[in-house]
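Enquirer: Listed in order, the protein sequences are those of chains A and B. Numbering-wise (the working numbering), the first sequence opens with residue 200 and increments by one. Numbering-wise (the working numbering), the second sequence opens with residue 26 and increments by one.
The set of hints was computed from the structure by calculation and includes no laboratory data. Built from N, CA and C at the ideal position, the CB exists for glycine as well. Among the hints, erroneous ones may be present.
[Unchecked claim] Computed list of lysine to aspartate or glutamate pairs in EDC-like fashion (alpha-carbon distance at most 20 Å, straight line): (1) B:LYS164 x A:GLU434; (2) B:LYS164 x B:ASP330; (3) B:LYS304 x B:ASP43; (4) B:LYS281 x B:GLU40; (5) A:LYS201 x A:GLU241; (6) B:LYS164 x A:ASP214; (7) A:LYS458 x B:GLU40; (8) A:LYS201 x A:GLU264; (9) A:LYS458 x B:GLU137; (10) B:LYS164 x A:GLU215; (11) B:LYS304 x B:GLU184; (12) B:LYS304 x A:GLU432; (13) B:LYS164 x A:GLU234; (14) B:LYS281 x B:ASP229; (15) A:LYS201 x A:GLU254; (16) B:LYS164 x A:GLU247; (17) B:LYS164 x A:GLU241; (18) B:LYS164 x A:GLU387.
[Stated by the list, open to error] The following residues of chain A were derived to be distant from chain B, with all beta-carbon distances above 10 Å: (19) LEU293; (20) GLY353; (21) ASP405; (22) LYS458.
[Claimed, not checked] Label pairs and their computed distance ranges (CB to CB): (23) A:ARG226 x B:GLN38: 23 to 29 Å; (24) A:GLN267 x B:ALA191: 56 to 62 Å; (25) A:ARG389 x B:ALA111: 29 to 35 Å; (26) A:GLU263 x B:SER27: 26 to 32 Å; (27) B:ALA190 x A:ARG226: 48 to 54 Å; (28) B:ASP110 x A:ARG389: 20 to 26 Å; (29) B:GLY39 x A:ASP374: 25 to 31 Å; (30) A:ARG226 x B:ASP110: 46 to 52 Å; (31) A:ARG456 x B:GLU239: 28 to 34 Å; (32) A:GLU355 x B:GLU150: 24 to 30 Å; (33) A:GLU387 x B:GLU95: 27 to 33 Å; (34) A:ARG456 x B:THR213: 49 to 55 Å.
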Amino acid sequence: MKVLVPVKEVATVEDEFEIDGTTIDERYLGADLNEWDDYAIEEAVQLEEDGIVDEVVTVTIGDEETEQTIRQALAKGADRAIRVWDDTLEDVDLLDVGAKVAILEAIVEAEDPDLVLTGVQSGDDSFGATGVALAEAVGYQWGAVVNQLDLGAGDETASVHRELEGGIEELTEIDLPAVLTIQTGINEPRYASLRGIRMAQRKDLDHQTLADLGVEADAVAGDLRLTAMYEPESESDTTVFEGGADETAAALADLLREKGVAQ
Amino acid sequence: MSADVLAVAEHRQGELRDVSREVVTAGTELAGETGGDLHVAVVGGDVETFADALTLEGVDTVHTVAYGEEFNHDVYTQAVTQLADALEPAYLVMPNSVNGLDYAPAVATRLEIPLVTDAVGLATEGDTLVGTREMYGGKVETTTEVDAEQAAVTIRGAEWEPTEAAGDATVEAFEADIDEDAIGSTVTGFEEVAGGDVDISEADLLVSIGRGIEEEENLDLIRELVEALDATLSSSRPIVDAGWLPANRQVGQSGKVVTPDVYIAIGISGAVQHVAGMKGSETIVAINTDPNAPIMDIADYAIHDDLFDVVPALIEQFS
Ligand SMILES: Cc1cc2nc3c(=O)[nH]c(=O)nc-3n(C[C@H](O)[C@H](O)[C@H](O)COP(=O)(O)OP(=O)(O)OC[C@H]3O[C@@H](n4cnc5c(N)ncnc54)[C@H](O)[C@@H]3O)c2cc1C
Numbered sequence: 200m201k202v203l204v205p206v207k208e209v210a211t212v213e214d215e216f217e218i219d220g221t222t223i224d225e226r227y228l229g230a231d232l233n234e235w236d237d238y239a240i241e242e243a244v245q246l247e248e249d250g251i252v253d254e255v256v257t258v259t260i261g262d263e264e265t266e267q268t269i270r271q272a273l274a275k276g277a278d279r280a281i282r283v284w285d286d287t288l289e290d291v292d293l294l295d296v297g298a299k300v301a302i303l304e305a306i307v308e309a310e311d312p313d314l315v316l317t318g319v320q321s322g323d324d325s326f327g328a329t330g331v332a333l334a335e336a337v338g339y340q341w342g343a344v345v346n347q348l349d350l351g352a353g354d355e356t357a358s359v360h361r362e363l364e365g366g367i368e369e370l371t372e373i374d375l376p377a378v379l380t381i382q383t384g385i386n387e388p389r390y391a392s393l394r395g396i397r398m399a400q401r402k403d404l405d406h407q408t409l410a411d412l413g414v415e416a417d418a419v420a421g422d423l424r425l426t427a428m429y430e431p432e433s434e435s436d437t438t439v440f441e442g443g444a445d446e447t448a449a450a451l452a453d454l455l456r457e458k459g460v461a462q
Numbered sequence: 026m027s028a029d030v031l032a033v034a035e036h037r038q039g040e041l042r043d044v045s046r047e048v049v050t051a052g053t054e055l056a057g058e059t060g061g062d063l064h065v066a067v068v069g070g071d072v073e074t075f076a077d078a079l080t081l082e083g084v085d086t087v088h089t090v091a092y093g094e095e096f097n098h099d100v101y102t103q104a105v106t107q108l109a110d111a112l113e114p115a116y117l118v119m120p121n122s123v124n125g126l127d128y129a130p131a132v133a134t135r136l137e138i139p140l141v142t143d144a145v146g147l148a149t150e151g152d153t154l155v156g157t158r159e160m161y162g163g164k165v166e167t168t169t170e171v172d173a174e175q176a177a178v179t180i181r182g183a184e185w186e187p188t189e190a191a192g193d194a195t196v197e198a199f200e201a202d203i204d205e206d207a208i209g210s211t212v213t214g215f216e217e218v219a220g221g222d223v224d225i226s227e228a229d230l231l232v233s234i235g236r237g238i239e240e241e242e243n244l245d246l247i248r249e250l251v252e253a254l255d256a257t258l259s260s261s262r263p264i265v266d267a268g269w270l271p272a273n274r275q276v277g278q279s280g281k282v283v284t285p286d287v288y289i290a291i292g293i294s295g296a297v298q299h300v301a302g303m304k305g306s307e308t309i310v311a312i313n314t315d316p317n318a319p320i321m322d323i324a325d326y327a328i329h330d331d332l333f334d335v336v337p338a339l340i341e342q343f344s
């Protein structure tokens with residue numbers, strides 16, 4: 200059985216930042232492996248360790264700099280990685296769900312995995328839709344917000360728990376091949392070991408362009424345009440306790456006594 | 026394409042969920058802008074009773090699809106797509122709930138129309154739909170324009186007031202042609218999680234800790250504070266995911282809803298799924314190094330400082 204894990208390098212933002220047009224000024228941005236994807240990789244690697252899966256392949260849409268993030272996935276146990284990028288993508292300022300699906304669809308067709316594990320959402324643009332849209336595009340079954348996955352060797356269905364709101368889980372049987380979007384907490388993602396990091400350097404990291412995949416440029420142009428970005432206006436009139444920790448703690452202590460919740 | 030709007034209701038275990046009345050509000054506003062009708066779809070369960078409840082102000086027609094009891098994404102995807110093909114609405118409004126995440130992207134893909142998810146605001150400019158969304162965990166807000174005649178959106182829960190006033194909608198049964206061979210998933214049951222020793226929803230004073238704590242051993246410091254204040258300990262999700270606290274301590278959309286007199290959020294950013302569980306607290310205090318953290322938008326009192334400085338000083342105040 201083969202598992203494909205689409206992973207994303209997400210932008211992280213410092214506490215203080217400035218907005219430059221429709222992006223956050225690069226000086227205030229960092230990069231990290233998307234939190235939800237980390238759990239998806241771990242789930243795939245555990246399935247391989249359990250002898251249920253033979254190969255874990257990751258795919259990223261991103262420029263050369265994202266290779267550091269892909270190496271993290273390889274260091275955690277993915278067998279090989281594909282990175283999709285070219286000049287056309289460089290010019291797209293909002294890679295929407297349709298655009299991502301157009302690319303990932305070509306990868307699924309080329310790789311023919313039995314299972315695709317994506318994150319529920321990405322921490323930066325948080326569309327939360329790529330996995331399910333991909334499933335529909337490639338004709339796979341799917342399940343969103345999966346926080347437990349039971350799969351045996353040779354199983355034709357995956358038994359999953361989907362985490363609903365309010366502490367309720369839905370138990371569902373899903374036919375394979377399928378795309379599952381993985382929720383945090385499903386497992387405990389490992390840290391990459393030194394040995395893993397060394398081994399990752401030798402693993403295959405295949406760069407592909409849209410032309411290699413047969414994806415037309417207009418398929419990734421997208422129908423959504425980001426037209427403004429701003430800091431949200433605060434609705435509350437928050438009282439900020441000023442001063443050093445001793446002063447702010449004293450002010451808070453007074454408040455708690457005044458509210459009658461502490462003595 | 027018509028100027029109409031189609032909104033999709035949601036129910037679970039025999040109850041309409043709040044977001045059903047919220048999609049009606051969002052749909053009514055959109056239909057007001059396009060000058061079209063508002064259609065509401067309800068799929069599965071006791072559709073007659075649901076249709077009665079969805080005969081709300083602003084709704085022109087409620088379409089019932091009597092198929093199955095509980096949510097099944099294959100059924101929803103087929104039913105909603107077929108209804109959209111029949112009505113050709115300009116806009117399709119669905120909830121950004123966990124089940125919304127499980128069918129809305131498939132519907133948009135099948136209809137080959139763009140999808141804007143988790144909208145916190147919607148408007149039209151001429152024929153263009155403009156959605157307001159958040160990025161980077163709520164640190165910024167964005168506007169996104171959709172260049173298409175037809176589009177799908179999912180709306181964030183609790184952003185639109187639920188429509189309560191009754192209306193005079195027509196109820197019509199929609200004969201969806203559900204292809205049973207295309208149903209590849211089966212819901213076999215539900216399970217409740219997060220029971221256990223303490224019920225954080227009963228507490229008057231919650232000390233709630235988030236990822237700002239960094240390491241499990243730093244929880245000892247928080248436990249000391251909890252003891253000094255005679256408070257109850259709760260947390261955001263990452264603390265439970267890491268196994269540092271049991272699931273019954275998690276506040277939020279997938280955890281518990283709490284309404285204490287005072288909620289002290291320590292090192293918690295205030296992601297929407299967390300806020301969903303604690304925004305009803307009477308007084309909210311946030312201790313966070315980041316003055317721009319979204320939690321500040323709902324905090325009544327705030328300390329913009331390092332928890333490792335403030336918490337020991339606070340313990341000192343009570344010992
Ligand atoms: C379907 C779904 C359901 C979810 N359900 C829930 C839910 O029920 N409950 C929930 O909580 N989340 C839930 N989440 C996750 C949610 O999106 C966030 O990821 C989570 O709430 C973030 O937790 P946090 O605020 O502790 O961590 P972060 O977002 O990482 O925030 C940490 C905060 O700590 C601050 N900080 C760091 N160091 C310090 C310091 N030394 N002193 C003071 N402050 C510091 C930082 O400035 C930051 O604001 C759900 C997500 C999804 C997709």
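Enquirer: Is the claim that A:GLY353 lies outside the interface with chain B correct, judged by CB distances over 10 Å?
Expert: Non-interface label on A:GLY353 holds, nearest chain B Cβ at 18 Å vs cutoff 10 Å.
Enquirer: Taking only the CA atoms, is the gap from B:LYS164 to A:GLU241 under or equal to 20 Å?
Expert: Given that 20 Å is the threshold and the Cα spacing comes to 28 Å, the pair is violated.
Enquirer: Is it true that A:ARG226 and B:ASP110 lie within 46 to 52 Å of each other by Cβ?
Expert: Since the Cβ atoms of A:ARG226 and B:ASP110 sit about 48 Å apart, the hinted range of 46 to 52 Å holds.
Enquirer: Does 48 to 54 Å hold as the CB distance between B:ALA190 and A:ARG226, or does it fail?
Expert: Roughly 50 Å apart at Cβ, these two residues keep to the hinted range, so it holds.
Enquirer: Would you check whether the claim that A:ASP405 is not at the interface survives, using Cβ distances to chain B and the 10 Å cut-off?
Expert: holds (27 Å)
Enquirer: Is the gap between the beta carbons of B:GLY39 and A:ASP374 within 25 to 31 Å?
Expert: holds (27 Å)
Enquirer: Please verify whether B:LYS164 and A:ASP214 have alpha carbons no more than 20 Å apart.
Expert: holds (9 Å)
Enquirer: Given the hint that A:LYS201 pairs with A:GLU264, test it: the Cα-Cα distance must not exceed 20 Å.
Expert: violated (27 Å)
Enquirer: Within a Cα-Cα threshold of 20 Å, do B:LYS281 and B:ASP229 meet the stated pairing?
Expert: Holds - the C-alpha atoms of B:ASP229 and B:LYS281 are around 15 Å apart, at most 20 Å.
Enquirer: Would the non-interface assignment of A:LEU293 survive a Cβ cutoff of 10 Å against chain B?
Expert: violated (7 Å)
Enquirer: Taken at face value, is the distance from the CA of A:GLU215 to the CA of B:LYS164 at most 20 Å?
Expert: holds (10 Å)
Enquirer: Would you say the C-beta atoms of A:GLU355 and B:GLU150 sit inside 24 to 30 Å of each other?
Expert: violated (49 Å)
Hints 7, 8, 9, 16, 17, 18, 19, 22, 23, 25, 26, 28, 32 from the list above are not met by this structure, while the remaining hints are.
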